[in-house]
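Starting from the given sequences, assemble the full structure and let the hints guide the process.
So you can see what is in the structure, the chains are spelled out below.
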Amino acid sequence: MLQKKPELKKSILQQGQADKELVVVGKLYRTFGVRGDLRFEIFPPNLEIPEKFYIKDQKKGFIPITVESVSEKRGLIRFKEFDTREKAKKITNKYLYLEKEKLPELEEDEYYVYQLIGLDVYMDDKKIGSVIKVDDRLPDVLFIIRDSEGKIRHLPFIKEFVKEVDLENGRVIITPPEGWLEL
Amino acid sequence: MGFKGKWNERFKNPYVNEKLLKKIRKMNETGERKIVKTWDRACTITEEMVGHTIAVYNGQKFIPVYIRPEMVGHKLGEFSLTRTFRGHPDKSAKAVKKK
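Chains as they are written, first to last, in our numbering: chain A, 583 to 765; chain B, 27 to 125.
Incorrect hints may appear among the rest.
Stated by the list, open to error - Below, computed lysine-lysine pairings styled on DSS-like, alpha-carbon distance capped at 25 Å: (1) B:K87 x B:K63; (2) B:K123 x A:K745; (3) A:K715 x B:K87; (4) A:K684 x B:K123; (5) B:K48 x A:K733; (6) B:K101 x A:K741; (7) B:K124 x B:K87; (8) A:K676 x A:K609; (9) A:K676 x B:K117; (10) B:K117 x A:K634; (11) B:K63 x A:K741; (12) A:K642 x A:K676; (13) A:K715 x B:K125; (14) B:K63 x A:K745; (15) A:K638 x B:K117; (16) A:K672 x A:K634.
What the hints contain is simulated information worked out from the structure, not anything from laboratory work.
Here it is in structure tokens:
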């Protein structure tokens, strides 16, 4: 007798569908105390903590988790489903996901990293590669570009060098300084 | 044993790579804006370098650094990180601003 596979709950989104809608908005770190509190970080500025987040499970896909309490001052969060230290340890170091629509609007010339990754890079109406990473460790953000020959190039994300970011057509127009291509 | 680093600079002039400064001064005269390569990460940023782009070696590659007025007094190596950047998750909602 073949055993029937347990059906996924309705609330669990299908993996393919969820990839289109959900984005990473934060990260959980180590546990704190015995009541299931976790250290956490939220990436987007001015994001109001919603009632529900999603976490990614390898077997079940995206699982919704409900926020029980948040202390932004202390950097602690607790979830209803993981209300003890032992349960909370299962979700340490996981990313928090949220629907794209719930993200706050950004100011002019401000972009989310997921919007920039994958954009085609054009220079003098000629495609030279695409953005593969956005390095934001320093105040001057760097585009990491892979060109058509497979070479990795760096370009500061500043007005002098990045003329236009066209999200609708999925491209970036750059005007790098003389000698950049020879680096 | 002499004093080193910032402590040294209280008594002596800051270290600036002369060859690099010579190239920058030449470009300032002509009004040219071309990337200058350098391996000298310890070179202090001076006011003459503002507005230029200097490609600073990080041990593997040359990282272009656009010099702003706020950077004057710092070392070039501070703006060309040597550790490999592993990247964010693909769908990261971190916000970055074009300066």
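I'd like to know which numbered hints this structure contradicts. Please list them from smallest to largest. 5
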